[in-house]
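Please build the complete structure, drawing on both the sequences and the hints.
Line by line, the protein sequences are chains L and H. Counting in my numbering, the first sequence runs from 1 upward without gaps. Counting in my numbering, the second sequence runs from 1001 upward without gaps.
Keep in mind that the hints were calculated from the coordinates and are not lab data. Hints are not guaranteed to be accurate.
[What the hints assert, rightly or not] Calculated cross-link-like contacts (lysine to any residue; reagent style SDA-like; alpha-carbon spacing at most 20 Å):
id: 1; chain 1: H; residue 1: 1051; chain 2: H; residue 2: 1065
id: 2; chain 1: H; residue 1: 1044; chain 2: L; residue 2: 73
id: 3; chain 1: H; residue 1: 1044; chain 2: L; residue 2: 3
id: 4; chain 1: H; residue 1: 1044; chain 2: H; residue 2: 1064
id: 5; chain 1: L; residue 1: 54; chain 2: H; residue 2: 1104
id: 6; chain 1: H; residue 1: 1044; chain 2: L; residue 2: 105
id: 7; chain 1: H; residue 1: 1044; chain 2: L; residue 2: 38
id: 8; chain 1: L; residue 1: 54; chain 2: L; residue 2: 31
id: 9; chain 1: H; residue 1: 1044; chain 2: L; residue 2: 2
id: 10; chain 1: H; residue 1: 1044; chain 2: L; residue 2: 7
id: 11; chain 1: L; residue 1: 54; chain 2: L; residue 2: 73
id: 12; chain 1: L; residue 1: 105; chain 2: L; residue 2: 75
id: 13; chain 1: H; residue 1: 1044; chain 2: L; residue 2: 75
id: 14; chain 1: H; residue 1: 1044; chain 2: L; residue 2: 5
id: 15; chain 1: H; residue 1: 1044; chain 2: L; residue 2: 98
id: 16; chain 1: H; residue 1: 1027; chain 2: H; residue 2: 1007
id: 17; chain 1: L; residue 1: 54; chain 2: H; residue 2: 1106
id: 18; chain 1: H; residue 1: 1044; chain 2: L; residue 2: 18
id: 19; chain 1: H; residue 1: 1027; chain 2: H; residue 2: 1065
id: 20; chain 1: H; residue 1: 1027; chain 2: H; residue 2: 1044
id: 21; chain 1: H; residue 1: 1044; chain 2: L; residue 2: 24
id: 22; chain 1: H; residue 1: 1027; chain 2: L; residue 2: 5
id: 23; chain 1: H; residue 1: 1051; chain 2: L; residue 2: 93
id: 24; chain 1: H; residue 1: 1044; chain 2: L; residue 2: 93
id: 25; chain 1: H; residue 1: 1062; chain 2: L; residue 2: 26
id: 26; chain 1: H; residue 1: 1027; chain 2: L; residue 2: 45
id: 27; chain 1: H; residue 1: 1044; chain 2: L; residue 2: 9
id: 28; chain 1: H; residue 1: 1044; chain 2: L; residue 2: 1
id: 29; chain 1: H; residue 1: 1062; chain 2: L; residue 2: 93
id: 30; chain 1: H; residue 1: 1044; chain 2: L; residue 2: 54
id: 31; chain 1: H; residue 1: 1071; chain 2: H; residue 2: 1054
id: 32; chain 1: H; residue 1: 1071; chain 2: H; residue 2: 1026
id: 33; chain 1: H; residue 1: 1027; chain 2: L; residue 2: 64
id: 34; chain 1: H; residue 1: 1044; chain 2: L; residue 2: 26
id: 35; chain 1: H; residue 1: 1044; chain 2: L; residue 2: 31
id: 36; chain 1: L; residue 1: 54; chain 2: H; residue 2: 1103
id: 37; chain 1: H; residue 1: 1044; chain 2: L; residue 2: 40
id: 38; chain 1: H; residue 1: 1044; chain 2: L; residue 2: 16
id: 39; chain 1: H; residue 1: 1051; chain 2: H; residue 2: 1024
id: 40; chain 1: H; residue 1: 1044; chain 2: L; residue 2: 41
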Amino acid sequence: GIQVEQSPPDLILQEGANSTLRCNFSDSVNNLQWFHQNPWGQLINLFYIPSGTKQNGRLSATTVATERYSLLYISSSQTTDSGVYFCATPNNDMRFGAGTRLTVKP
Amino acid sequence: NAGVMQNPRHLVRRRGQEARLRCSPMKGHSHVYWYRQLPEEGLKFMVYLQKENIIDESGMPKERFSAEFPKEGPSILRIQQVVRGDSAAYFCASSTFGAPSYNEQFFGPGTRLTVL
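Here is the structure:
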């Protein structure tokens, strides 16, 4: 099956900083999702992005399907951005990466 | 428009008891997926169902675990004779379409199972 790798595994930022999270996948995929799991455990859909670029406020994502990676950009980070960010490939058996744990310090 | 609903949110069972987890998909969604998340880990796929059919159960342990999605009512994940290793968060997701045109999945709040 498809392998999904995320980097970095951990990231600590000062409030206001920008960051880029990366998701690599081992085979071509038709779809890709980014999620934020907040400190209370809830999974929040960020982007459904099989290809191209999407933006939503301070967050944006780019998927380059031909090169098998996706990037999540967080600008002007806030403490409420803390949590774990997952990418995943929607399919019969959606494969999740191990996640990037983001801590934003005030 | 209500999202994916799961209940109970927290469930405590003693070893050997049965656990029943329920999931009601979003309105208009007929595809349901169950995932398990162990502490400090990512989510692992368990099973994919449509109404009255199991489409893919490749991620579900062969023994003690079963899932259904009846014509009426929520999807049920059932764990018989629970063991401490079953302690985890169990998430349900739903989508409008499944195979072969997989589209966006939306997740419920999860059920946190603790086995004493």
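To see whether the hints hold, each was checked on the structure:
no.	hint	result
1	1051/H with 1065/H	holds (18 Å)
2	1044/H with 73/L	violated (25 Å)
3	1044/H with 3/L	holds (12 Å)
4	1044/H with 1064/H	holds (17 Å)
5	54/L with 1104/H	holds (15 Å)
6	1044/H with 105/L	violated (30 Å)
7	1044/H with 38/L	holds (18 Å)
8	54/L with 31/L	holds (14 Å)
9	1044/H with 2/L	holds (13 Å)
10	1044/H with 7/L	holds (19 Å)
11	54/L with 73/L	holds (10 Å)
12	105/L with 75/L	holds (14 Å)
13	1044/H with 75/L	violated (29 Å)
14	1044/H with 5/L	holds (14 Å)
15	1044/H with 98/L	holds (10 Å)
16	1027/H with 1007/H	holds (17 Å)
17	54/L with 1106/H	holds (18 Å)
18	1044/H with 18/L	violated (30 Å)
19	1027/H with 1065/H	violated (26 Å)
20	1027/H with 1044/H	violated (25 Å)
21	1044/H with 24/L	holds (18 Å)
22	1027/H with 5/L	violated (33 Å)
23	1051/H with 93/L	holds (17 Å)
24	1044/H with 93/L	holds (9 Å)
25	1062/H with 26/L	violated (28 Å)
26	1027/H with 45/L	holds (17 Å)
27	1044/H with 9/L	holds (18 Å)
28	1044/H with 1/L	holds (13 Å)
29	1062/H with 93/L	holds (16 Å)
30	1044/H with 54/L	violated (26 Å)
31	1071/H with 1054/H	holds (12 Å)
32	1071/H with 1026/H	holds (15 Å)
33	1027/H with 64/L	violated (32 Å)
34	1044/H with 26/L	holds (17 Å)
35	1044/H with 31/L	holds (18 Å)
36	54/L with 1103/H	holds (16 Å)
37	1044/H with 40/L	holds (19 Å)
38	1044/H with 16/L	violated (33 Å)
39	1051/H with 1024/H	holds (12 Å)
40	1044/H with 41/L	holds (15 Å)
Taken one by one, the earlier hints fail for this structure at numbers 2, 6, 13, 18, 19, 20, 22, 25, 30, 33, 38, listed in ascending order.
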